[in-house]
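Make one complex out of these two single chains by using the hints.
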Amino acid sequence: MSSTFDQVATIIAETCDIPRDTITPDSHAIDDLGIDSLDFLDIAFAIDKQFGIKLPLEKWTQEVNDGKATTEQYFVLKNLCARIDELVAAKGTSA
Amino acid sequence: MQLEYFHMIDRIVDLKVDEKTIVVEAQVPKESTIFEGHFPGYPLMPGVLLIESMAQASGWLQLGVFKFERMPILAAVKEAKVRGSVFPGDLMSIEASLTHEGSGYAMTEAKIRVGGKLRANSALTFTLIPFPNADMRSHMDAIAKRVGFPQQAVSP
Numbered sequence: 016m017s018s019t020f021d022q023v024a025t026i027i028a029e030t031c032d033i034p035r036d037t038i039t040p041d042s043h044a045i046d047d048l049g050i051d052s053l054d055f056l057d058i059a060f061a062i063d064k065q066f067g068i069k070l071p072l073e074k075w076t077q078e079v080n081d082g083k084a085t086t087e088q089y090f091v092l093k094n095l096c097a098r099i100d101e102l103v104a105a106k107g108t109s110a
Numbered sequence: 048m049q050l051e052y053f054h055m056i057d058r059i060v061d062l063k064v065d066e067k068t069i070v071v072e073a074q075v076p077k078e079s080t081i082f083e084g085h086f087p088g089y090p091l092m093p094g095v096l097l098i099e100s101m102a103q104a105s106g107w108l109q110l111g112v113f114k115f116e117r118m119p120i121l122a123a124v125k126e127a128k129v130r131g132s133v134f135p136g137d138l139m140s141i142e143a144s145l146t147h148e149g150s151g152y153a154m155t156e157a158k159i160r161v162g163g164k165l166r167a168n169s170a171l172t173f174t175l176i177p178f179p180n181a182d183m184r185s186h187m188d189a190i191a192k193r194v195g196f197p198q199q200a201v202s203p
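Chain order of the listed sequences is A and B.
Heads up, the first sequence is in the working numbering, so the first residue is 16 and it goes up one at a time.
Heads up, the second sequence is in the working numbering, so the first residue is 48 and it goes up one at a time.
Pulled out of the complex, with its shape left as it was, chain B reads as follows (with noise of 0.2 Å):
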């Protein structure tokens, strides 16, 4: 993970396409300029933080039902809980559903653990746009190489 980069995502254990489900795991930084203000002396993720970590979870799902011939935007999120604090050198498990395929725009269910324990969950909306430019491409296709995207999992 790198906060600064919002590279939120480092691999993806699972993901199970027909079943439209994914586990992806992210570990938080021991360090980060982002903990030196949020907070000094009780550094902890920011909430919109893991909200951004659920919705890439959740883009990484759909970049693979869909097959990369759309990419996902945040574009709603409904019902976010933050039910426990995540700390530098946490080991986020994150997992994310689709619940709803529409024309143009797609819903999720998002998870985060740490340890087993449910750490914030949020019900989120996507839209789904035509990828804007080559090099938007090539940097998701570079991403999905470093996150272990299983390319066999989109091959026709």
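So that you can see chain A by itself, here it is in the shape it has in the complex (with noise of 0.2 Å):
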């Protein structure tokens, strides 16, 4: 079974059309690899249903607005994979 990020990255890879070689745990979503928010909720969108878990994008989004997070936190990929597992094993947990 291939890992969180290989997942990740191979859906960023096909969602916007990026080399998946140019993708890597330390990529920054936005800053690096260019993704905005719009080409973001298909990503988000492809990770809800690969994973079964619901991306809680507007938490983050008013996290970092307030100044309690930075997009580093949610959008480095190794980061976000990270946030995806933590996701992924509580459902298992309230399952």
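Calculated from the structure, these hints are not laboratory results.
Given the structure is predicted, the values throughout are model-derived calculations rather than measurements.
A virtual CB, placed ideally from N, CA and C, is assigned to each residue, including glycine.
Check before you lean on any hint, since a few could be wrong.
As the list claims (entries may be wrong) - Simulated restraints, written as ranges between beta carbons of each label pair:
1. B:F115 x A:T76: 19 to 27 Å
2. B:K125 x A:A105: 26 to 34 Å
3. A:A104 x B:H54: 41 to 49 Å
4. A:K106 x B:F86: 48 to 56 Å
5. B:G94 x A:E101: 25 to 33 Å
Listed below in structure tokens is the structure:
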């Protein structure tokens, strides 16, 4: 089974037509890969479906806007994947 | 339907909040300034207005499902197909279903039929925003009354 990062990188590559080999765990989805908010909705949709979760984009956006979090915490891919793993684990716990 | 005001939907026929589906009707007017240009001698509904009609049907569905807590704003149009022309005087039956509820966004699929025949379909993405001001909220409340939005569908 491929890692969370591999799955997310594949989603990003296919959704945004970004060469897969340019996507690394340290890539910032916005600053490095140039993904805008609308394209990120498609990525979020694919992640929601693939992992059976609901990425809390509204909460994350609010935290960034309020200065309580940085975009790096959510949009650097290794951090995004860690959040996804947490959400998947929480889903398993609550099931 | 008042094309010039983008009032596309005339009546909510069936809103099923639990099933996340809606059916609405939209009566295309026989005359409109839009038809004077689109096209002289062969008036027909612009495809972009068919998409807008599907978006508005999807919008009422989301207002019902999300209980008027968020305003859906069209963000992306995918796989839109105009399969047949819609003419002045046609009665459009538009159905929409909610296919995905994300955080701050939602996706729908919608179809337009005239006389039972499929004329257009599309997959649509919306961002869900708080109502930006009281004017917009009261405007939507007024339109909700006009189109027969079933308030009991969103009552606690």
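Consistency of the hints with the structure:
1. B:F115 x A:T76: 19 to 27 Å: Once the Cβ atoms are compared, 21 Å apart, the range 19 to 27 Å for T76 of chain A and F115 of chain B holds.
2. B:K125 x A:A105: 26 to 34 Å: At roughly 30 Å between Cβ atoms, A105 of chain A and K125 of chain B fall inside 26 to 34 Å, so the hint holds.
3. A:A104 x B:H54: 41 to 49 Å: Cβ of A104 of chain A to Cβ of H54 of chain B: about 48 Å, so the range 41 to 49 Å holds.
4. A:K106 x B:F86: 48 to 56 Å: For K106 of chain A and F86 of chain B the Cβ distance comes to about 53 Å; the hint holds.
5. B:G94 x A:E101: 25 to 33 Å: Violated: the Cβ-Cβ distance is about 44 Å, outside 25 to 33 Å.
Violated hints amount to a single one, hint 5; each of the other numbered hints is respected by the structure.
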